[in-house]
Amino acid sequence: MARVRLIMTSTLAMYLNSERELHMEASSVRKLLDQLSERFGDAFKHRVLDENGNPKSFVVIYINGKNIQFAEGLDTKLNDGDEVLILPAIGGGTSKIALIIV
Amino acid sequence: MATEVARWSGLIKRIRLVCRNCSEEYESRLLYACPKCLGALEVKYEVSGMSKSTFESRKRSIWRYFELLPIEDPSNVVDIGSGNTPLVKADRLGEELGIRELYIKNDTLNPTFSFKDRPASVAVSKAKEFRLVAVGCASTGNLASATAAHATKAGLPCYVFMPSDVERNKILQVTQYGAEVVLVNGTYDDVNRLAHVSCDLYDVGIVNVNLRPYYVEGSKTMMLEIVEQLGWRAPEHVIVPMASGALLCALHKGLKEIEELGMVKGSTRMSGAQPEGCSPIVDAFKKGLDYVIPVERPTTLVKSLAIGMPGDGAFALKTVRQSGGVCESVSDGEALYAASLLAKTEGIFAEPGGAITVAVLKKLLEDGKVDRSEEVVCCVTGAGFKATEHISQQDVRTKLISPKIEMLNTIFAR
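Each protein sequence line maps, in turn, to chains A and B.
Following the numbering used here, the numbering of the first sequence begins with 1 at its first residue and continues without gaps.
Following the numbering used here, the numbering of the second sequence begins with 1001 at its first residue and continues without gaps.
Rather than coming from a laboratory, the hints here were simulated on the basis of the structure.
Among the clues, some could well be false.
Unchecked claim - Derived pair list, reagent style DSBU-like, types lysine-lysine, alpha-carbon separation capped at 30 angstroms:
#1 A:Lys56 to B:Lys1036
#2 A:Lys66 to B:Lys1036
#3 B:Lys1265 to B:Lys1059
#4 B:Lys1287 to A:Lys66
#5 B:Lys1318 to A:Lys45
#6 A:Lys31 to B:Lys1036
#7 A:Lys56 to B:Lys1399
#8 A:Lys56 to B:Lys1286
#9 B:Lys1369 to B:Lys1344
#10 A:Lys66 to B:Lys1286
#11 B:Lys1344 to B:Lys1318
In isolation and in its complexed conformation, chain A is listed as follows:
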């Protein structure tokens, strides 16, 4: 079990009614997300995870500045002192109708 520092955006923290930085213990990214889901419930799951429990395509998780997509994804192991950052990706998604004539 590794002791890590979790950092999230202030907006996400506000909606989770949480501190922006949390100290947590987990052995992998998957285990860390499980803990966050348990701790914050739907407020976390609906924002960060998709229906399969994976991070949404427009959410990016970094370990010490490295995107987990370039590591082992959810199975990326955590080590003592790691800094885990959760950011919404900028852009992304698909556009809806953008203009209404009144």
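Given chain A's structure and the hints, the job is docking chain B onto it.
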């Protein structure tokens, strides 16, 4: 809830933010991710009383399309002359490539010499409207100068973050506007991450992060101009450089908006161009994926397009497919050749990231993916002086003579 925001020339405009993911709507404010689902937000307009003459009667700049830009109070507009760039009928280049109806949208002629002046003008104006005390950006080079120039015009401090290996002239240029220039030993995606955290921790408007929904609106003016320059007609095919994919999506959004207003009809194929050393959107297109697999370490000389994790990649893919366009990549050598060809045929000196659309057009013509009778607009987005490292000494051909009349014979004699 909509906020009534502008009354200008008797017209009414309302602006909202809409989540691309869950469609939740929000009042216009400093927000870039949906509070409900963290999806990206984009600007939606409600307008009335619009006609072509509304735009035509105004001075030529991006701000002639004010009702389709997300600024509420015209007094907040920060304008250093962005937009109104030529749409050049490129007959000589067209002849060289074997295509009859070729146009170049020459966005090298913006105030800081790239298309980025369009979104920067809008984003810095919005920062002023939000009463932000500073602005900044994450940049592969061109946005840095565009943001810094508009910031200095607005009287705002500016912090730009760039990878340390961007072209020297881009660094030189941005320092001249008085910005705080932060070079990061890492990729653009590292730069983007730091900029992202910056606007979360500090009271700063990072134009392409927390001001992004507003920022991207500026880019669509390129398409509005193209349509207006063609006599209010949609072009058959537009080829756009892709880094994050946001420009391509913005051009498409602009076209859809003026279609909704009944100002233009017809469909436009939208195609995207990337360098082979960083082509995540093209790779996804060719594999038939609807998502993008990021590139960790881009390996291209075309640094302005070296974004390994393109924020709007999936959206760009969908836009290209729905329009019947294609995504294609070219080698650095092909991009450099296209830059040279563009300069030698049309007198337009572009950086490889801008001229890459010409390189992709050449490839698409050779592969039969573009018909030689099709009307094509290549968006050329940045000037050649910004990226001179790629110009080899062999290409810098000069003759040195002593100041004697007889020496002229060595030049003109055949």
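Right, here's what the structure says about each hint:
1. A:Lys56 to B:Lys1036: Judged against 30 angstroms, a Cα distance of about 13 angstroms means the pair holds.
2. A:Lys66 to B:Lys1036: holds (26 angstroms)
3. B:Lys1265 to B:Lys1059: holds (25 angstroms)
4. B:Lys1287 to A:Lys66: Given that 30 angstroms is the threshold and the Cα spacing comes to 26 angstroms, the pair holds.
5. B:Lys1318 to A:Lys45: holds (26 angstroms)
6. A:Lys31 to B:Lys1036: Distance of about 24 angstroms is within 30 angstroms: holds.
7. A:Lys56 to B:Lys1399: The hint is violated at about 60 angstroms.
8. A:Lys56 to B:Lys1286: Satisfied, since the Cα-Cα distance of roughly 23 angstroms is no more than 30 angstroms.
9. B:Lys1369 to B:Lys1344: holds (25 angstroms)
10. A:Lys66 to B:Lys1286: holds (27 angstroms)
11. B:Lys1344 to B:Lys1318: Given that 30 angstroms is the threshold and the Cα spacing comes to 35 angstroms, the pair is violated.
Checked against the numbered hints given earlier, this structure breaks hints 7, 11; the rest are met.
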